[in-house]
Structure formats: C-alpha cells, structure tokens
Amino acid sequence: MELQIFGIGILTWIVFIPIVGMITILLLPDKNRNAIRWIAAIATGIQVILAGVIFAAFDRTKLGINDAESFQFMEKFSWITVEAVPWVGRIEINYFLGIDGLSVLMIILTSIIAFIGVISSWNIDKMVKGYFTLYLLLVTGMMGVFVALDFFLFFIFWEVMLLPMYFLIGLWGGPRREYAAIKFFLYTFVGGILMLLTMLALYFSVAYTDPATGQSVHTFNILHMMNPANYVDGGLLSGVDTTWRYVAWMALFINFAIKIPLFPFHTWLPDAHVEAPTPISVILAGVLLKLGTYGLLRINFPIFPDATVYFIYFMAALGMISIIYGAFCAMAQDDFKKLIAYSSISHMGIVVLGIAALNTQGMVGGVLQMFNHGIITAVLFLSVGVLYDRTQKRGLYDFGGIANQMPKYTGLAMIGMFAALGLPGLNGFVSELFSFLGAFEAYKWITIISVTGIIITAGYILWTIQRVFLGETPEKLTNLKDLTPREILMFVPLIVLIILLGIYPSPAIELMNSSLSHLVEFVTGGGL
Amino acid sequence: MEILMNTTIFVPGLSHFLVVSALLFSLGVMAVLSRRNVIMVLMGVELILNSANINLIAFSRFTELSLDGQMIGLFVIIIAAAEAAVALAIILNVYNRFNTINLDEINLLKG
Amino acid sequence: MFIELPLIILLLPLLAFVLMIFFGNKLPRQGDWLATGMMTITLLLSIVLLITKVGFYSSETITSNFDWVVVGSKSIGFGIMIDNLAAIMLVVVTLVSTLVHLFSMGYMKGDVRYSRYFAYLGLFSFSMLGIVLTNNILLMYVFWELVGISSYLLIGHWYEKKSASNAANKAFIVNRVGDFGMFIGILILFISFSSFTFEAIFESINAGQLPFGSEGWLTAAGILIFCGAVGKSAQFPLHVWLPDAMEGPTPVSALIHAATMVAAGVYLVARIFPMLTADALLVIAYIGAITALIAATIAITQFDIKKVLAYSTISQLGYMIMALGVGAYTAGFMHLVTHAAFKAGLFLGAGSVIFAMHASLHKLHDHSTDAQDIRNMGGLKSKMPITYWTFLIFTLAISGIPLTSGFLSKDEILAGTLAFSTLYGHWLLPLIGFVVAGLTAFYMFRLLILTFHGKPVSEKIQNGVSESPKVMTIPLMILAALSLFFFYSFNPFGAASGWFYTAVERPLSVVPELLQPATYALFYEAVSSVHSTAMILSILIAAAGVLMAVAVYQWKKISADDLAKRAGFLYKGSVNKWYFDEVYNIVFVSGSHVVMRALRWFDETIIDGIVNGAATVTKVFASVSGWIDTNIVDGLVNGTASTANRAGGLLSHIQTGKVQTYLLFVLFSFLVLFVLIL
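Residue numbers (our numbering), protein chains in the order written: chain P, 1 to 528; chain S, 1001 to 1111; chain V, 2001 to 2678.
Please keep in mind that the hints were generated in silico from the structure rather than gathered at the bench.
Glycine residues also receive a C-beta, built at the ideal position from the N, C-alpha and C atoms.
Warning: the hint list may mix true and false statements.
[As the list claims (entries may be wrong)] Just so you have them, the derived chain P footprint on chain V, three or more residues with Cβ under 8 Å:
#: 1; segment: 2071-2082
#: 2; segment: 2160-2166
#: 3; segment: 2180-2192
#: 4; segment: 2593-2604
[To be verified] Computed, partial: chain V to chain S, Cβ under 10 Å:
#: 5; residue: Ser2652
#: 6; residue: Thr2656
#: 7; residue: Gly2657
#: 8; residue: Lys2658
#: 9; residue: Gln2660
#: 10; residue: Thr2661
#: 11; residue: Leu2663
#: 12; residue: Ser2669
#: 13; residue: Leu2673
#: 14; residue: Val2675
#: 15; residue: Leu2678
With the rest of the complex left out, here is chain P (with noise of 0.2 Å):
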C-alpha cells in the first residue's frame, strides 16, 4: 500500500508536517500570537486529516507485526551506512517507517488529541512562540515512535519527546514545576538508558544476509529482530530461554513501565500532571502514556515472545495492582489533577492486564482502552483546566455547586467522567469489557480482584462528581462563566467519539483485529 504526496509518503508527512510548522513559527516576530497559534492548529489539523485518510484507506486485512509484506503505507530508505567497520562489519541505520493494526489507531488518536491540546493552548500567553515550538516538536516526537519501523529511529523519537516535555513542564507548569520537571525527565531518562542498552546488544546479536550482496548486515529493522533466524550464533541474546535474554525484556519492560506507569515506577506521573498545563497533561495522558503500552506490544511481545511469556503472570499482576492501587490512591486525593493522575495509573492498570492475556479479546481490549483512555482522560483535563482558568484553583474541596453555574460545562464533563467510570454505553465500557473478558480466560482470580476496580473507580468518580458539581453553589463561585464556544469545540469531538464507540465500536476494532490476532499466535507460539 503506497500512499504520496508530492512523491513524499504520507507517513513521513504525518510526522513531518509538525516540524514544517513549527519552522514557520520560528521564523515569525514574537508579537504575532496569533498567527502562531494559526499556524500550530493548521499543522496538526493537517495531521487529523492525514490521519483520516489513512483511516480510510487502511487495510483492514493485513496482518503487520512481525511481516515487512503486510506493513502499509510503508517506506524503507537506507539512513546511514557505514560499509566495513572493523570486527562489526557493515552498519545499517534505515529510515523506515511503516504502519499495521497495533499503531493505526495511536496514529489516530495522537492527531486528535495534538489538534485539541492546540485549541486548549489558545490562552497560553506565556513565551507563545517557544510554547508552539516545543508543542510540535513534541507531537513529532509522539508521532514518529508509532510509525518507527527502525529501532534506532524509534530510540530517536523516543528521546525527542523527552526534550520538549521537559521544557513543556519546567516553564510553562505550576509552582513546583521544576521538581516535576526533573523527575519526569530523570524517571524517562532511566528508562531510556535501559533501552539504548538492550537495543545495542540486540544490534550486535541481529545479522542478516543481503541477498544482494550476500554479506552479513547488522541491522536495527525490529522486524528482522523478530525472526529467530537472524540472530548470530554466539550473539548475547542469541537462542531461546536465555538469562541474558530475560534480563534484556525485564530491562525494555522497565522503559516502558515506567512511561505507562505501572506501579512501582509511576510516582512521576501525579506530579507532572500537577504542575503541567492543562494542554500539556492533555497530551501527557492521552498519547504518553500509551507510548509504554505500545512499546510492549511493538518491541517486547515479538522480539522476546519466549521472556514474554515466562513473564506474563508477573505482568498480568502488576496490571492487577496498579488497579486497585491506582484507583484506592485516587480516591484519597485532594487535589482534582492528581485524582485523574492516579486514575490514569488505574485505568492502564487494564491495558496491561487486557494485554497480558495474550489472546485476541484481551489484546483488542487492550489497545482498545488505550485509545479509549487517551480520549477520556483528554476530556477529565481539559474539565480540570476549564475550572482552573476560572478559579485558579484545584483542590475538589474549593468547589462545589457548579451544575447550576455552569450546566454544559457540567453536562460534558460528566459524560466524561462516567466513560471514566465505566458506564455502558460509553467508549470506556467497551475497552474494559474486553480486556477483562480476555483476562478472565487466563487469569481468574487476578481478573475477579481487578473487577473491584470498578466499583472503587465508580465511588471516587462518583464522590469527585458530587464536591464539585452538585450541593449548594458557595458565594465565591457564583459568577462563573460557562463554556466559550472554543471550550466547547475543544470537548464536542472527544464527546462525539466517546458516544459513538461506546455505541459502536466495531469501526476500531475492525482496524486491529487482524494484526492483534496474529499478534497473539506470534507470540504465544513462541515467535514462529
């Protein structure tokens, strides 16, 4: 499948058209504001459209995952070459870039949720320029790990996320902003040291033949990782069931862990949430977090099928606790940000245990709530922000009343956080449902305790929803604006889509189905 424009792939114009964009920022006069602020919506609104039409035109029968065959919108263009370094022998760096079932619904939702971060970066009035700068660099960064075909490409993209939250955070965040900041970017940055270090050893292990030339390449393609053939007798991470091979899984499942977060590795996340923007925890939570859920299904689960499984059970249970711990700590907060912060740590608690099923309902279910989280969790900061640009306040015990005040406003919000809470008929029922349906096969008693999940997350929803928009509206809260029509055009298409795949959710399922099918045989047959 080959898609171009002016003879360039619509991938890499996915990407790219960010950084265009954010040129053009560059080299406009600081005063120009809005033209700025244009510019920003235009590219990323470029990028919705693109992504639609990948949605339209994407196969929904190829398998992708591990077959370079069935990858679409595919494109492959040596990067770096080095010909004949001594002991190595030649160094292949491709950029190549290419999407399947797992990653065209990432793609999907990162383009929206960047567009509706833009729009709710409208009353940024703090160094607009460098905001909008950073802003796409970052939706580049996103964008770019999920079409990565190249482990080194993906490590690049990786990284350059990092950059840009870490400034996103430590200039434009609350009053600790720069604790936050720096934890953030230590925590990632543990991480990616963890990775860089797995993906040489896979580098020096992974040779395969050029059938061009018939010299031995050792390459960094993730898909010629998978094939067990091409590891090198002799490699570190040669042959099945080796420690070497476990302990490099364990060191990747800590990047990622740490990225999703899975308890323990998840205490960066309330407070980066805290002193980031509203935008900015808008793009934190709905495609960040979901970069570490993707990882173990893109780089984990095929290239070390054998340690994936021997892990599983561990995996499963760390979704487990992550549950019921994400959703007891919410609870206790006070503060609104860190209630959603934690409940993020519970709801990826699903993906993880949806995914740690390894069969297709699980796996569906799973990256189902990945793209679900990401557009409810959207919804719950941009309500925490409306209130917060009203108030300057966030602490749940400073409001109370505001269904009278501010009645769509509510309305919205609510729809939000009862998807949040599970509510059939809404797109956060669905996901849940599948992951807990493929990880009740597997696991009983692990799915049963996370069940209780779902009665703690509807008790703190429900309290949150109770000190904030019902009871008496207090003195201080009686002049309230409600939604300006840029807030609600900032809701309605994540509402829309919340309705719509909470009704019908086939349209997203129909895109992974395949590709997480085979996926699941992949692994569970041990990478053959």
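Fit chains S and V to the known structure of chain P by using the hints.
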C-alpha cells in the same frame, strides 16, 4: 640617450644608484621609526617604496634582466598609490576616533 | 412487526430524552407534553404488541440478532427477543412510566429543572425497555447500568441537598457491588460458551457443556449473575440503598424504586431461570426470604411515609425472589406485575399526600414540620377523597385481601413456598412467607390509618390540605382499577386459570438432570395439593394483621408505645433498621477510607520516598564528586591556567601599543637575523 652619455663627464654606474637607493631607504626607515606624525610615517613608507623602485630599475638597467624590473617598478608605483589612498583613509578614521594623529598617543594595544 | 415495533418502542423514549436534553428548555411548558406524549405512544404500541403476541403468537419466541462487533474470530451480537414475559413487562414499564409522566406534570410543576427531570425519565424508560427487550445478557448488563445511572440522576435530582447526592452515590455504588458479581458471572458464561445470548448459553448447557467443566462453576455463575439482581432489587445484604433513594422526587420513587427498575432483578432471575441449578435456586429463595422478613420488620416502626413504602417494596421484592427461588416462576413474575401497579399507586398516592402537605405547610410558612412524617398527618380522608379511596385499594392489594390483584399473586407465592417445603423440607421459607404476609397487612394498615383516619394532628395543617389536581388523581384511579383481580384472572381465588398463567409458563431447566430443581409437573402437583391450605392461611393471617393494626391505631385498644416497650431491643433494632447502615459505614466506608489513606501514605512516603531518597543519595554523591572536581581536578586545570596567565603578564610589558616600537623590533630582529645568517 647616446648623446647625453657622450657629453657628460660622469657616467653613474649601478653602485651609484644603489647608494642613492640605500640613502633613501635609510631616510625612509628613519622617518617611519621616529616621526610622531602619522602622515610623516606614511611619507617615510613612500620613501622606502621608492628606494625599492630605484633598486629594481637600476638592476633592470645594468643586468641581463631586461624590462622585468621596470614592470615591477610600475606595479609598485600603482600599489603605492593605492596604499597611500587606503592609508590616508585609515588615518582619517583614526583622527575621527582619537582626535589626533600622533602615534605615541595611539596605543590601545598596550599589554 | 416483532422486530420493528419493539425497536420503535425502545427508541422513542431515547428520542424523547435527546430532544428534551437539547431543546427541553426552549419548548413551551418546557416540553413536558412532548415527553408525556411520546411515552403515551410507546404505551399504546406496547399494548398492541402485547395483544398480538399473547393473543396470536403465544407460544413463539421471536428473536433477532445482528453483529455488534467481531473480536478475533468471535462475533458478539445484539438483538431483540420477544416472548410473553417481555411483552407483559413491556406494558408494565410503559404503563407505569406514562402514568408517572402524567402525575409528574402536576407534582413537579415549577421545579427548577423541570425539563431535565422529564429528560431523565425518558432515559430511564429507554434503558428499562432495553433490559426487557434484549436477547443477550451483555446487552442486559449495558441497560442494567444505564438504568442505574438514570436512577442516580433522578435520585440526585435535587442535588443541592447533600442528602440527595449522598443517596444517589450510595444507590449507584451499592448497585455496582451487585453488578460486580453479575459482571463476573457474565465473564464466566462468555468464556465457557463464547456467546452472550440467552438462547446460545442455554443451548450449550443443555448440550452438556459446563463452565470450566464443573457443576460448581455453573451454580457459581448463576449465583453471581443473581448478585446483579441482589443489587438492583435491593435484596439482603445490598438492600440499604433503596430507603435512601426516597430522597428523589416521589413520582421517581414510584416509577423506578417501586414498580420497574427494582423489579428488573426479578426479571433477570426469570430470564436466566433455565440455567439455575437447584443449589443456586435455594440460595436465591433464602436471600429472598431473609430480605422479605428484614424489610417487613423494619417497615412496622418507620414514620416517614416513603420509608415505610420503601421497606414494603424491599419486602415484596423479597417475596418475588423467594417465589422464583422455590420454583413458583409464574407466581413470582405475576407478583412483579401486580406489585408494579399497586406499589406505583401507593407511591403516587403518597406523592399526592406529600404534595398537599407541602402546599399546606408552604401556606403556613412552616418549614420545620416534615411533610413526609405520618405523625404530622391524620384525618386526611375527608380532604383528599380520591387519594384516600385509591390508597385504600392499593393497601388492600398489598395486604393480600381477596378480590385484589395482590391476593392472587401472593396467594400463589405462599402456595409455592409451601409446596416447595413439602417436597424438600426447608420449612423456614413458608413460615417466613406467612409471617411477612401478616406483617405487611399490619404495617400497611398502620400507614393508612395514621395518614387518613382519626383526628388530624394539627388542625391548621389539615385545613390547608386539598385534593390534588386531575393530572395526579387520574393516574391513581387507573392504577387502582389495575389493582383489582379481573385484569389477571376472572376467578378471584385462583390465578392459575387466568390468561396470565397460560401466557407465562415456567421454562424448562437446561442444567444437567442431577442439578435440576423439581420438574414443573411435580411442583405443580404439590402446589395444587397445598393450594387451598395456603389460601385459607394467607387470608386468615392477612386478616389478623389488619385487625391488629385497626385495634392498635384506629380503636386504640392496645397502646403502640406499650407494645414497643415490651418488644424491647427488637423494637430498637427495627427502628434503627437493624443497624445495617451503621455497620456498613464502619466496615466498608470507613474501611475503604482507611485503606485509601494508608495507600496514599504509602505512595507519598514509601514509594516516592524511595525515589526522592535515590535522588538525595545521588545529590550527596554529586556534591562529594563536585568538591573533588572543584578542588582537585579543577585545581590542576586552574593551576595551568594561572601559570600561563602570570607568564603572559610578564610578557605583556613588551606590548607598548606603539606601532613604531614594533617596527623597531622588526628592524632589530631583521638585523640580528641578517647578521646571524650571513
């Protein structure tokens, strides 16, 4: 030329020219080293250049080098003119900057 | 027609909801006519459907199915199933809903969120109809939760009151606990049978498949799904939410918390009846019996008119569940239907009284007197004749006095329990059944007498009371008519000969034979042998209950206070609702607060402590290495630099800044070189 040489008593040889040239050079160096006024220093430089010219032409006349010396002499004159123009411009700027053209007072590079 | 018609019936209320949410405020009269009108159409369509179904296609079950989503190779379908059970339930729901819409036009007049209220009623009706119409346990769960959320929204309708929002939360969360069990049950069924439809599940079980190959899991699955019913139908131990739910507007209590939603649990058990094993059914029967007894004993001492009705609802629901548990399937479901009519009537009647009391108190500018407390009422009979007479009929019906619908169904239930114990023992079940019948008659007449008979407690209040407007009394009259026997059977002493019994037959059990309850034939035989005994006993006991109430409250032959004193701790326990709320508060609410605080502390102190500790250790290490760096490593570097600097200082004296000095140096060095080279 033939007539002139025949009628004069004294025919200057190469060494005469060299002596004049050396004198001129020395004067030039003296001027460059000891005058306070930049313009005077510049004039000293001109003297040095012209002494070199004399040398060039003299050698060209009295040896087998044919017209090459004259050619280079002409170049030197042209370059000297250019150099003078540049130097005068610099001097003008120096004057604007320091309000003086006394070299002793222009010592910003003092360590 | 059996596909399109139910779909229209299902979607009309949803349309009403959407229209009311977006345009309700802009319509004239805030759109109440729109909501009520659409609901009336739904009612008419449902009646048409019922008549066609029961009249012409009585023995058929009509289903339709379409693929909702395909996951892996498994496709999950949604669809509609119409059997007689669904058709009857459809009319019950739409009828009560329409009447409540009508009643609300009077009762809710002038409410702050009038159109919002009607919108939520539409949402509720939609979800409830969904429960009724679905062929699929997953879809049932979906609508199950949706009725939960509409109940939440309606209980919290007056959310400015803290008690209302608390009650709404409690209702939803307690229901979630039940739904948790139901969800697990659904998971078990799907994992085992790869389908959510009742049909496919029953077929697989019938073919001998068992969940995880064990009979225990089949029983467990049944009981787990029943958990959902325990939550929704407010059965012990999850009954605590229903009395609090009375914080919602009274018509809502009539619709949701008396007639329809709480009966959904019974409907669910009826739906999954074929797959319930004898063990599961026994558990269900006992849960029902315990609930009936507990609720009845609480109801006799309550003074809030709605609380009494709430506990009587719980008690009657216990009856229904018990009936299903013992295998009296038709009796249980029939009680659901008859109960829906008279309990909705009771609540609407109570609503009418409260409405009048409010109006009266409002006129007196009295805001401290509780308009719902029966101790403030009395003697309202003459002021509100229609309300009184209809209320009397409802009370007779719920007490099980002959010629009412309640007698028919209750009598069959009691006969069923009696028959069950002749077959299996378990004499506790019929014993509780009869005791509760007596208690019901007692507390309902207590309520009636204290509210309408005797002397008014306050003349002033009574003077201000007047009969409610027509929109409120007409629904009462319709429901009162429906509480009479002839709608269900022309024989006032036996339901078994009526159309209802022929239309709703107990389905065949599909579980392995060893696990089955008594077959229908066996059970039916036992029922007919004890039927007359049960009937006489139930009439006598009901009469005794009524007599007792009249003696205590009307004739005042026996002092109520004296009785209370004699009952001692029993009375105290009953007044305090057997301390369920207190115990739950300590165990679950405080318990989860303790857990959440502990985990928060753990998160912030231990986990974050480790992270920050690692950071601190790194910082200490960094400052040590920093010291070494500045003093030793950098010392060397700086030493080199300063040496260079000093040397430079010395040499800088040569730099005079004068051009001529430099030239002199040039000349001099040139000469030196010249001399040296030559």
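Here is how each hint holds up against the structure:
1. 2071-2082: holds (count 4)
2. 2160-2166: holds (count 4)
3. 2180-2192: holds (count 7)
4. 2593-2604: holds (count 6)
5. Ser2652: Holds. Min distance 3 Å.
6. Thr2656: 6 Å, holds
7. Gly2657: 3 Å, holds
8. Lys2658: Interface hint status for Lys2658(V): holds (5 Å vs cutoff 10 Å).
9. Gln2660: Nearest chain S Cβ about 5 Å off; hint holds.
10. Thr2661: Hint on Thr2661(V): holds, closest Cβ of chain S at ~9 Å, below 10 Å.
11. Leu2663: 6 Å, holds
12. Ser2669: 14 Å, violated
13. Leu2673: 16 Å, violated
14. Val2675: For Val2675(V), the interface hint is violated, since the closest Cβ of chain S sits about 17 Å away, which is over 10 Å.
15. Leu2678: With a closest approach of 17 Å, the Leu2678(V) hint is violated.
Checked against the numbered hints given earlier, this structure breaks hints 12, 13, 14, 15; the rest are met.
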